[in-house]
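Here's the letter readout for the chains.
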Amino acid sequence: MVRRLSILKQPIFSTLNNHLIDYPTPSNLSYWWSFGSLAGLCLVIQIITGVFLAMHYTPHVDLAFLSVEHIMRDVKGGWLLRYMHANGASMFFIVVYLHIFRGLYYGSYASPRELVWCLGVVILLLMIVTAFIGYGKLRQMSFWGATVITSLASAIPVVGDTIVTWLWGGFSVDNATLNRFFSPHYLLPFIIAGAAILHLAALHQYGSNNPLGINSSVDKIAFYPYFYVKDLVGWVAFAIFFSIFVFYAPNVLGHPDNYIPANPMSTPAHIVPEWYFLPVYAILRSISNKSGGVAAIGLVFVSLFALPFINTSYVRSSSFRPIHQKLFWLLLADCLLLGWIGCQPVEAPYVTIGQIASVGFFFYFAITPILGKLEARLIQNSNVCEDLSPRKLSHIFKNLLDVVK
Amino acid sequence: MVAVRLREVAYTLSPMHQNVMNGLWKDAAVKLRKRVADNWTSALTLVVPIASTYWYAEHFRQEEKLQHRT
Numbered sequence: 001m002v003r004r005l006s007i008l009k010q011p012i013f014s015t016l017n018n019h020l021i022d023y024p025t026p027s028n029l030s031y032w033w034s035f036g037s038l039a040g041l042c043l044v045i046q047i048i049t050g051v052f053l054a055m056h057y058t059p060h061v062d063l064a065f066l067s068v069e070h071i072m073r074d075v076k077g078g079w080l081l082r083y084m085h086a087n088g089a090s091m092f093f094i095v096v097y098l099h100i101f102r103g104l105y106y107g108s109y110a111s112p113r114e115l116v117w118c119l120g121v122v123i124l125l126l127m128i129v130t131a132f133i134g135y136g137k138l139r140q141m142s143f144w145g146a147t148v149i150t151s152l153a154s155a156i157p158v159v160g161d162t163i164v165t166w167l168w169g170g171f172s173v174d175n176a177t178l179n180r181f182f183s184p185h186y187l188l189p190f191i192i193a194g195a196a197i198l199h200l201a202a203l204h205q206y207g208s209n210n211p212l213g214i215n216s217s218v219d220k221i222a223f224y225p226y227f228y229v230k231d232l233v234g235w236v237a238f239a240i241f242f243s244i245f246v247f248y249a250p251n252v253l254g255h256p257d258n259y260i261p262a263n264p265m266s267t268p269a270h271i272v273p274e275w276y277f278l279p280v281y282a283i284l285r286s287i288s289n290k291s292g293g294v295a296a297i298g299l300v301f302v303s304l305f306a307l308p309f310i311n312t313s314y315v316r317s318s319s320f321r322p323i324h325q326k327l328f329w330l331l332l333a334d335c336l337l338l339g340w341i342g343c344q345p346v347e348a349p350y351v352t353i354g355q356i357a358s359v360g361f362f363f364y365f366a367i368t369p370i371l372g373k374l375e376a377r378l379i380q381n382s383n384v385c386e387d388l389s390p391r392k393l394s395h396i397f398k399n400l401l402d403v404v405k
Numbered sequence: 001m002v003a004v005r006l007r008e009v010a011y012t013l014s015p016m017h018q019n020v021m022n023g024l025w026k027d028a029a030v031k032l033r034k035r036v037a038d039n040w041t042s043a044l045t046l047v048v049p050i051a052s053t054y055w056y057a058e059h060f061r062q063e064e065k066l067q068h069r070t
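Here the protein sequences line up with chains A and B, keeping their order.
Under our numbering, think of the first position of the first sequence as 1, with each following residue one higher.
Under our numbering, think of the first position of the second sequence as 1, with each following residue one higher.
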């Protein structure tokens, strides 16, 4: 028996021990399970670099652009802080998107982890809002992107125009907008941190999923040192990937028009948001009606929230769900296509492709309730389970689930 | 939190004696063949829609440019 330090039994330390050191973790977790801790690392990087940037940034319409140039040229290490913060946002979204798709593939959203999934979607929403309001408003692309997206609020019946005026703090994106966006941009990351703690608490209620998607209570090992080391490998690989962008290609994920001060009298030919918003932007643009586009964006997040509750499959992991596996890869292809369409001009053939891809995105969620039952029926109809009725099969799977829980 | 028994890992033997790491490149060809055999359909499901859509879009734009010749 390994001796445990008595300090680990004291209050606070015992909580840290139970959740970070001796925490029972499935022994078969792959590197796809490292993206959770990586997302936490990205949040910490954004908060630290953001706090130091805020010491030198001036949220005033006449000084904002120049203050960023001051940070880049005059502040010691300012260029590094700025590039780490800008590229750190992209890294954060890459990590979170991979984390989400891992959850989709292995059924981590399925019962009993519905709350974990829903809190994750809340974190994603908070991240999107934070990134949008932190994009800056006094650069050409960010000014016009903010104008386009904030004016979508006018699609809300009755109070839409009032809300837009309130968001802007006036009749266009101006000094008031800058201040009222900068303040929550500083606050929201701490809300995200709180939501992340809730997300972990919900996860620790039932424990992590695993690549097989089955109950892992029979084979768990301590989080420390095994997954501490495994996550550390992931962190080092992430640091290398991050450093390539920060030091060798710091502007490749951005838009060159953002080096032009905002000009309300000159609209860019193609207004595009940052790359991590492109798939949702493509869905928005695929519907010509403004209200319809806004409703479609809302439907994206409603679908994500509803996924654990519309899932009817008794099997979690796509390793044992051949039809869902193919649909997953089609969904991923669809999301990548939507991202590509989002940065294309609104003309043929991109409009049609975007509309088909948008339908394809929602098709995945629409077919989820049917898919579980279809796969169960296919198992029942196969030679292996010839003598089992659907009722008996459901009963067996339910008992298996009770063992899993 | 669900109470589970943690699997106790033996600390008495060194990793060399336990033969826990058999080598990264051992049977690499076999492992690669198996990975390709298991996943080629998934890879095609991912790549074919993207490649074909991109090809179609480029083909459409090219035809559009040549429209004046008809």
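Hints should not be assumed to be uniformly reliable.
[Said to hold, decoys possible] Here are a few chain B residues that face chain A, going by a calculated C-beta distance under 8 Å:
| id | residue |
| --- | --- |
| 1 | W25 |
| 2 | V36 |
| 3 | S52 |
| 4 | T53 |
| 5 | F60 |
[What the hints assert, rightly or not] Some residues of chain B that are not near chain A, with every Cβ distance over 10 Å (derived):
| id | residue |
| --- | --- |
| 6 | N22 |
| 7 | D27 |
| 8 | K31 |
| 9 | R33 |
| 10 | I50 |
| 11 | H68 |
Quick caveat, the hints were computed from the structure, so don't treat them as lab data.
On a predicted model such as this, the values are computed, not experimentally measured, just so you know.
Beta carbons are placed, not taken as given, at the ideal position from N, Cα and C, and that holds for glycine.
Checked hints:
1. Annotation: interface hint on W25 of chain B violated; nearest CB of chain A at approximately 18 Å, more than 8 Å.
2. Taking 8 Å as the C-beta cut-off, the interface hint given for V36 of chain B is violated, the closest approach to chain A being about 15 Å.
3. Restraint check, S52 of chain B versus chain A: the minimum CB separation of about 10 Å is more than 8 Å; hint violated.
4. Because the beta carbon of T53 of chain B sits about 6 Å from the nearest beta carbon in chain A, less than 8 Å, this interface hint is met.
5. For F60 of chain B, the interface hint holds, the least distance from its beta-carbon to any beta-carbon of chain A being 4 Å, beneath 8 Å.
6. Listed as outside the interface, N22 of chain B is consistent with that label: its C-beta sits roughly 17 Å from the nearest C-beta of chain A, beyond the 10 Å cut-off.
7. No Cβ of chain A comes within 10 Å of the Cβ of D27 of chain B; the nearest lies about 19 Å off, and the non-interface call holds.
8. Every beta carbon of chain A lies more than 10 Å from that of K31 of chain B, the smallest distance being close to 15 Å; the non-interface claim holds.
9. Every C-beta of chain A lies more than 10 Å from that of R33 of chain B, the closest at about 19 Å, which supports listing it as non-interface.
10. Its beta-carbon lying about 5 Å from the closest one in chain A, I50 of chain B breaks the requirement of being farther than 10 Å from that chain.
11. Non-interface status of H68 of chain B relative to chain A is upheld: no Cβ of that chain comes within 10 Å, the nearest being about 16 Å off.
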